[in-house]
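Q: Use these hints to put chain Z onto chain A, whose structure you have.
2 protein chains.
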Amino acid sequence: MKSVFYSRFFILLPWVLIVIIMIDVDTKRSTSVGHTAQSYLSRLGNGQRHERPALPGKNRTAALPVIYAITPTYNRAVQKAELTRLCNTFRQVPQFHWIVVEDANSKSELVARFLARCGVPYTHLNVFTPRRFKRIGMPRATEQRNTALGWLRQRRFLKDSGIVFFADDDNTYSLELFEEMRSTRRVAVWPVGLVGGRRYERPLVEKGKVVGWYTGWRADRPFAIDMAGFAVNLQVILSNPRAVFKRRGAKPGMQESDFLKQITKVEDLEPKANNCTKVLVWHTRTEKVNLGNEPKLHQDSIHIEV
Amino acid sequence: MKSVFYSRFFILLPWVLIVIIMIDVDTKRSTSVGHTAQSYLSRLGNGQRHERPALPGKNRTAALPVIYAITPTYNRAVQKAELTRLCNTFRQVPQFHWIVVEDANSKSELVARFLARCGVPYTHLNVFTPRRFKRIGMPRATEQRNTALGWLRQRRFLKDSGIVFFADDDNTYSLELFEEMRSTRRVAVWPVGLVGGRRYERPLVEKGKVVGWYTGWRADRPFAIDMAGFAVNLQVILSNPRAVFKRRGAKPGMQESDFLKQITKVEDLEPKANNCTKVLVWHTRTEKVNLGNEPKLHQDSIHIEV
Numbered sequence: 001m002k003s004v005f006y007s008r009f010f011i012l013l014p015w016v017l018i019v020i021i022m023i024d025v026d027t028k029r030s031t032s033v034g035h036t037a038q039s040y041l042s043r044l045g046n047g048q049r050h051e052r053p054a055l056p057g058k059n060r061t062a063a064l065p066v067i068y069a070i071t072p073t074y075n076r077a078v079q080k081a082e083l084t085r086l087c088n089t090f091r092q093v094p095q096f097h098w099i100v101v102e103d104a105n106s107k108s109e110l111v112a113r114f115l116a117r118c119g120v121p122y123t124h125l126n127v128f129t130p131r132r133f134k135r136i137g138m139p140r141a142t143e144q145r146n147t148a149l150g151w152l153r154q155r156r157f158l159k160d161s162g163i164v165f166f167a168d169d170d171n172t173y174s175l176e177l178f179e180e181m182r183s184t185r186r187v188a189v190w191p192v193g194l195v196g197g198r199r200y201e202r203p204l205v206e207k208g209k210v211v212g213w214y215t216g217w218r219a220d221r222p223f224a225i226d227m228a229g230f231a232v233n234l235q236v237i238l239s240n241p242r243a244v245f246k247r248r249g250a251k252p253g254m255q256e257s258d259f260l261k262q263i264t265k266v267e268d269l270e271p272k273a274n275n276c277t278k279v280l281v282w283h284t285r286t287e288k289v290n291l292g293n294e295p296k297l298h299q300d301s302i303h304i305e306v
Numbered sequence: 001m002k003s004v005f006y007s008r009f010f011i012l013l014p015w016v017l018i019v020i021i022m023i024d025v026d027t028k029r030s031t032s033v034g035h036t037a038q039s040y041l042s043r044l045g046n047g048q049r050h051e052r053p054a055l056p057g058k059n060r061t062a063a064l065p066v067i068y069a070i071t072p073t074y075n076r077a078v079q080k081a082e083l084t085r086l087c088n089t090f091r092q093v094p095q096f097h098w099i100v101v102e103d104a105n106s107k108s109e110l111v112a113r114f115l116a117r118c119g120v121p122y123t124h125l126n127v128f129t130p131r132r133f134k135r136i137g138m139p140r141a142t143e144q145r146n147t148a149l150g151w152l153r154q155r156r157f158l159k160d161s162g163i164v165f166f167a168d169d170d171n172t173y174s175l176e177l178f179e180e181m182r183s184t185r186r187v188a189v190w191p192v193g194l195v196g197g198r199r200y201e202r203p204l205v206e207k208g209k210v211v212g213w214y215t216g217w218r219a220d221r222p223f224a225i226d227m228a229g230f231a232v233n234l235q236v237i238l239s240n241p242r243a244v245f246k247r248r249g250a251k252p253g254m255q256e257s258d259f260l261k262q263i264t265k266v267e268d269l270e271p272k273a274n275n276c277t278k279v280l281v282w283h284t285r286t287e288k289v290n291l292g293n294e295p296k297l298h299q300d301s302i303h304i305e306v
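If you read the protein sequences in the order shown, they are chains A and Z.
Per this note's numbering: the first sequence = residues 1 to 306.
Per this note's numbering: the second sequence = residues 1 to 306.
Derived from the structure by calculation, the hints contain no laboratory data.
From a predicted model like this one, the values you see are computed outputs, not experimental measurements.
Any given hint could be a false lead.
Since copy identity is lost for identical chains, a pair holds within one copy or between any two.
Derived DSSO-like pairs: lysine-lysine, alpha-carbon spacing no greater than 30 Å straight-line [claimed, not checked]:
#1 Lys278 to Lys159
#2 Lys251 to Lys134
#3 Lys134 to Lys207
#4 Lys288 to Lys251
#5 Lys207 to Lys296
#6 Lys296 to Lys251
#7 Lys107 to Lys209
Looking at chain A on its own, in the form it has when it is part of the complex:
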């Protein structure tokens, strides 16, 4: 009798342990901030840098479309600081691919080193803006954004699922923004904070459709929206191969409209962020740095990257 009891006990004990362990592991993975944290873990587990999408079935994030964030950048005192803030945010976004395009004739060592260490899957490109386009009143970063679009059209295909977003290097991004844009079917829009001389600009939404724009500046623009205020499904980028940002006839503040009218209509826009009532991205601007005390003589004995 005793021996039967013991044998049953020892047969059941490990199964009970297995169940307990599985419940414990599962609880730890699913508590907390949803897929952001999970995928942070899973991405780190899969290796810091990869272009390939994660193995299917490996984790829940594998099914998510990749967010391609296009960031034009240029050499200046605050460049590394700005990229550091972006990296600190982007490295928490699952299925993310950062396309950084330098305004330069060649890739800088600073940006190359930075990206290699940042821990976000990335592509590093460069294209120099001709001097004649570098005047006040001219739209900026046109060449850089188009170069990134060109890269996507060459390297991604109709079978790839993705979302394209233009992420300038001085804006402020909440993590929630990326959750919102992830479900973009064609073109999604949302409010942007601290832009156009107002606390925010936003698309006005009625019955789930964009019907106008709350803006303090040129309300006559077909799409009165900032570059940080929309995302485009990769399929739309690929199936409209001629849609680019234009130099000819383009005015500052009209780049977004010029681009969007090539790929969508106002009535087809998909409002995100609770029908465009939440500000999840801010058009912050960093002050130009005063380097007035930089020494001409008596320089530091070593070179330090800033």
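A: What follows is chain Z alone, placed relative to chain A:
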């Protein structure tokens, strides 16, 4: 014979499974970027907010001293954007406690809501700066920093291990900075980027000791260092209960020196960041926002927090 085989098989099988599961779980936890990712997971797993240190033995981060980051903040257009960037960075730092002190007569709903959602263990305090101290040429955030120090002296004890750091809300912080300051025994120092009219300021180090300052501004300061350039062990804060930031006789730019000379000497400073040769924090400043187009009439139909 067959039955003996089967019974042994079924007794052994679950134990083998248990071993496999344990190895799998352990591997997933320990791969990747060392303690940052692990603790990010473990902290999320343990619940988003907690004041208590993690259970000992639960993970390797439990042994780390807590970093107490003191952030004075005040109501302005870019406040939530700035706090968002900080939160996105701080939530990746293990064993971190954010002490946010508002310059206000009462805690604002915006900051309270923000902190509750941010996912970083925090304490929310407030103290109003008297109007007579709010003039140009007067040091800023003195009352807020002292209130945070007071909180630490009331709520933390000699048995608690911690590091105290003054993290202004517009600076830019690399994650590496927090790894560096974690080992502060008494007072640690490192370079700060984009400050004092230079690309960077830094302590000059010889044979592991600070022997002077590379600075473009008032090199005669006893500690020619920015608020973002040092950390103090909690024990030093607790065992010098009268060390505070001073109003009386204090000049802007002298706050750091006035404070540090109460608790340490230059020769006792611990140089971090590879003997003060790496910039891991930047004194960035965000532009004041132009709200010139904010409407007096025709306001938005809903209220949106920015």
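Q: Each hint needs a verdict: does it hold in this structure or not?
A: Hints, verified against the model:
1. Lys278 to Lys159: neither (32 Å within a copy, 44 Å between copies)
2. Lys251 to Lys134: Answer is within; shortest intra-copy Cα gap is 13 Å, inter-copy 42 Å.
3. Lys134 to Lys207: neither (42 Å within a copy, 48 Å between copies)
4. Lys288 to Lys251: This pair counts as both: shortest intra-copy Cα distance 24 Å, inter-copy 25 Å.
5. Lys207 to Lys296: For Lys207 and Lys296, only the inter-copy Cα distance (27 Å) is at most 30 Å; the intra-copy one is 63 Å.
6. Lys296 to Lys251: Answer is between; shortest inter-copy Cα gap is 28 Å, intra-copy 40 Å.
7. Lys107 to Lys209: Intra 42 Å, inter 37 Å, cutoff 30 Å: neither.
Consistency note: the structure conflicts with the earlier hints numbered 1, 3, 7.
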